[in-house]
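S.K.: Position chain H relative to chain Z; hints supplied.
Listed in order, the protein sequences are those of chains Z and H.
Letter by letter, the first sequence follows residues 8 to 542 in our numbering.
Letter by letter, the second sequence follows residues 8 to 542 in our numbering.
No lab work stands behind these hints: they were computed from the structure.
Intra- or inter-copy, both count: the list cannot distinguish identical chains.
Here are the simulated SDA-like cross-link-like pairs (lysine to any residue), alpha carbons at most 20 Å apart as the crow flies: (1) Lys14 x Pro349; (2) Lys340 x Gly16; (3) Lys14 x Ile408; (4) Lys14 x Glu414; (5) Lys14 x Glu409; (6) Lys469 x Glu414; (7) Lys14 x Leu359; (8) Lys14 x Lys347.
Protein chains: 2
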Amino acid sequence: HSEVWKKGGRLLSALMAINIALFGSVLVSSGSLEHVVVQDKEVLAFLVVLMLLSVFWMIFQFYFSCQKNAVLYKDSHAGPVWLRGGLVFFGICSLVMDVFKIGYYISYIDCESPIKLIHPMVQSAFIIMQTYFLWVSSKHCVQIHTNISRYGLMLILITNLSIWMAAVTDESVHQTRDLEDDHKIVHSSPAGSHDHKEVGGAHEHTCQCSNHLCHIFQTGYYYLYPFNIEYSLFASAMTYVMWKNVGREMDDQVAHHSRLSLCFYFKNMFAGFLIGGAVLLCGVVVLVIYKVKINLPDKLYRAHILFYSFNILALALMSLGSLAGSIIYRFDKRHMDAHKNPTRTLDVTLLLGAALGQYCISYYSIVAMVATSPGELINALNLVYSILMIVQLTLQNTFIIEGLHREPFQDAAPQPEKGLIFANEAVAPSLAHNETPGFSAPAPEFPAKPKQSITEPPWNLKRRMVQEISLFLLLCNIILWLMPAFGARPQLKNNLERNFYGLYVWTIITNICLPFGIFYRMHAAASLLEVFRMS
Amino acid sequence: HSEVWKKGGRLLSALMAINIALFGSVLVSSGSLEHVVVQDKEVLAFLVVLMLLSVFWMIFQFYFSCQKNAVLYKDSHAGPVWLRGGLVFFGICSLVMDVFKIGYYISYIDCESPIKLIHPMVQSAFIIMQTYFLWVSSKHCVQIHTNISRYGLMLILITNLSIWMAAVTDESVHQTRDLEDDHKIVHSSPAGSHDHKEVGGAHEHTCQCSNHLCHIFQTGYYYLYPFNIEYSLFASAMTYVMWKNVGREMDDQVAHHSRLSLCFYFKNMFAGFLIGGAVLLCGVVVLVIYKVKINLPDKLYRAHILFYSFNILALALMSLGSLAGSIIYRFDKRHMDAHKNPTRTLDVTLLLGAALGQYCISYYSIVAMVATSPGELINALNLVYSILMIVQLTLQNTFIIEGLHREPFQDAAPQPEKGLIFANEAVAPSLAHNETPGFSAPAPEFPAKPKQSITEPPWNLKRRMVQEISLFLLLCNIILWLMPAFGARPQLKNNLERNFYGLYVWTIITNICLPFGIFYRMHAAASLLEVFRMS
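Isolated chain Z, as found in the complex:
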C-alpha cells in the first residue's frame, strides 16, 4: 500500500510544482517584455513570497526531523562532499552579490520600489538557511510526513528554479539591450563610449546615483551573477535527489560505498593536469583579450578569429580525449553498476537534456553557414566550430555516461565487514550462470559478487589513462563554462547568424539555448569529477 501512496504523492507534488513553475516562468517572461505592464517588481515579489515559504518549510523540516524514525536511511550517493562544497562556495559568492545589491539599491532608496531592497535581504536569509539545510540533510531518506515533505521539497526546488529563470532572463535582457545599443552605435557613431551602457543597460533609473559607490556595487554584482546561477542549479539538483529519496527504503549493503580519498589521486596526475591546465590558462588569456577587443569595432574581427581558433583547438583535443576514453572502456573489465541511484539518473538526464541547448545553437549555425556558402575565413571557422561542438558533445556524453555506470575501482584493502578475500578467480567464471533471461536488471545479486577488479593490479595503465582524460576534460569544461558565463558570447556579436535569421529570431534562439549550454559545461565538469573519483 505504501507503493500506491508513493506514486500518488509524487504525482500530486509534481503537479503542484509544474503549476507554480509555469506561473513563475510566465511572470518572468512577461516581466522581461518592455511594453507589458507586468514588470520586475511583480517578479521580485513572487520570488520573495516563494523564498519566505521555503524558509518556513525548512524550519518545520528541521523541527520534525529531530524526531526518531524520521530518517532511518541515508543515500550514500546523494550530496557528495564536492557538491556540497561547491554549494557552499557558490552560496558565499551569492551572499556577496546580495550585499552588493543591497548597497546599490540603498543608494537609490529614494526613487526605487522598496521590493528591490527587500528582495536581496530575503535572498540572503534564504541562501544561508538553504545551504545549511542541504549540507545537513541532503543524504536523508525522509520516512515520516512523507507527503508534506514532498510538497516542501518541491517548493524549494521551484524556488531555486524560479531564481535561476529570473537571473537568466535578467542577464539575457541585459545582453540583448547591450547588443541593440551596439547595433545603434555601429550604425550611428562608431566611436561612442560603451562603458556606461554596459553597466547601466538593465536598470534604467529616473534619478542619478547619489554617491560614487553605486557603480562599483553594480559592476560587482554583474560579475557575481554566474555564481548565483550555479548556486540555484546546484541546490535544485540536490533538492530533486532528496525528493526522489523521500520514503525510499534501502538495504544495508547498497549503502556500502567505499569512500575514496581525493587527495590520493592528484599526486600521480601529470599529463591530464598539464594539458588541461595549459588549455585553461590559454582560455583565460583569450577570454580577457576577447572581452577587451570586442568593444572596439576595428578589433572585432580579429577577436572573433582568436576566439574561434582557440575553441576549435580545445574542442578537437577534447573530442580526441573522449574518443580515447570510450575506446579504453571497451577493454575495461569492470562490471556495470545497475543499482538504483537517483543521483546518477538525474546526472544522465541533465547531461543529455542540457546538451540540447548547445546542439540547437550549433545546428542553427551550421544551416546558416552552409546556406550562405562560407567563403570568408570567419564563416569557415564558425562552421568548423559548430560541427566540432556537436562531435565533442556527443563523444563526451558517451564517455561520461559510460563512466558513471561503471562500478568504482576498489584499490583500498578489502574492508572486513564485506567479507571479501583477495583471490577469488575461481568464482568469476560462475558469474555467467547467474544471468537469468527473464529479469533484465540483476541488481540484488551484485553486492554478494566478488569484485573482479580486486584481482587486477590496483594501479594499472587503463585506469590511469581514464583518470588523466577525465581530469583533462574537467579542466577544459571549466574554461568552456567560464567563457560564456562571463559574457564571451560570439554568437551574439559576430553578425553572421544574426544577419541570416534576423535580430529578433536569433536573439530568442540564443537567449533560450545559451543558458542550457552554460549549465551543460558546469554539469559536465561535476560529472567528470565523479568519473575521475570512480576510476
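M.R.: Only chain H this time, still in chain Z's reference frame:
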C-alpha cells in the same frame, strides 16, 4: 554483459535520434521564416530522404524478422487494437490528403518545384508501408540485430516526428498569415473578401491554377491536415514502445493480460454516453457557428461569447467528473499494477508533458487578464475559461494516471494460455528469490498474489461509475480536440492577449504551445479509452 550493451545501444541510438531531430527542427523552423533563404523545398527534400531511408529499413526488418529466434517475446500491452485501428483510420485519411496534394501540384506542375510532387508520392508509399509494419510487428520484442533495430526504429520515430513538426509549422504559418491578413483587413477595409486568402495563404504562386479542381484539392487537404498530424503521433508512440521493447525479455506471468471485449461494455452505458454525446453534439454546432461568424467582423464578439460559454460549461462538467472519479478510486479495493510497462510509462509522460502546452497558454492568459483588470464580459469569460482549463487538466491527469495504474478488473474466468508467449517457465519461480528490500519494484512477486478483485462481484456500482465517467470524459476530450484541430482558436482571434503581449510574442507562444494542447486532447481520449477498458 547483455545489460551493458542494452544501455549503450539505447544511448547511441538516442543520441543519433536527437541529432537528426534537432537538425530537422532547425531546418523546419528556418524554412518557416520568410526572409531566410532556406525554404520549404529543402524541408521537403529532407523529409523525402528520411522517409525513403525508413522504407528501406522496414523492408530489411521484414526480411530478418522471418528468421527464427528473431521475435521470442511479445509485449501484450503494446499496440492494442484500438491504437492500431486508429492508425489505420488516420492513415487512410492521410492517403486521401496525399492524393489531394498530388492532384493540386499536378495542376501547378509547370511553375512549382518537382519536389512538391515527389513528396506526397513518397509519403503515400511510406504511410502504406508503415501502417502495415506497425500493424504486424508493434508487439514484437526484437531479439536479434538488436542494435541495428534500435537505430532503425529511432529513424522511423524521427521521420514521424519530423513530419509532425513540418505539418504543425505549416499550419501555424498558415494561421499566422491568416491572422496578419485579418489584421490588415480590419485596419483597411472591413468588408474585404476573406475566402481567397484562407485557401491561398500558405502557398503563394507566381502562376494561376489551370483548372477549377485545384481549389477543391486545396480545401480538401487543408481539412485533412489534422488527421495526418494525429497519424504521425500515433505512429511515433507505437515506434517508441517498440524501441523500448527491443531486446526485452519478459517472464510468462507478466504477460497474462485478459483481453476484455469492448462490445460487452457499451450496452450498459447510459448516463456517460448521453451527457458526453450531448456535449459533443453541442460542441460541433458551436464549432460550425464559430467558424462561420468569426470571419464577419460584426459577429466576432458574439462568436467569442458563445465559444467561451460552451467551453466553460464543458470544462466545469469535466472537472466535476474527474473529481468524482478520483473520489471513487479512494474506495476502490483493486491493487496497483507495478509491472514494467513501457506503454504506460510513455502514456503518463506524454499526458504530463503535453499538458504543459495548454497550461502555458492558460497562465499567460490569466496574467494578461488579471493585469488588465477584467471589466468587460469577454475578459471575465476568458479568465474563468483559463482557470477552469488548468483545474480540469490537473484533475483529469490525476484521474487518468491513477486509473492506468490499477489492475484490470477480472470478470471473465481465467483464460488458458494464449500461446503467444514462449518464455522459459523454469526461470520464473526462481525470480522471487532474487528480491531484496533495496529494489523498489516488487514486480515478480505480484502475479503470485491472489487477485482481490476476483472476490468482488464483477458488476458493481463503483466500477460502473468509473466507466461512465471515462466515457463522458472521452467524448468531451474528442470535442475539445476537434475545435482547435479544425481551426477554432480564439486565443489568436480575440485580440485580448495579443494586445497585451504584442502580436509577435503572442504568435510565438501560441504557435509553440497550441500543437501540444491539441495533441494532449487526442492523447487523453486514447488514455481514457484504456481506463474505460480496464475498469
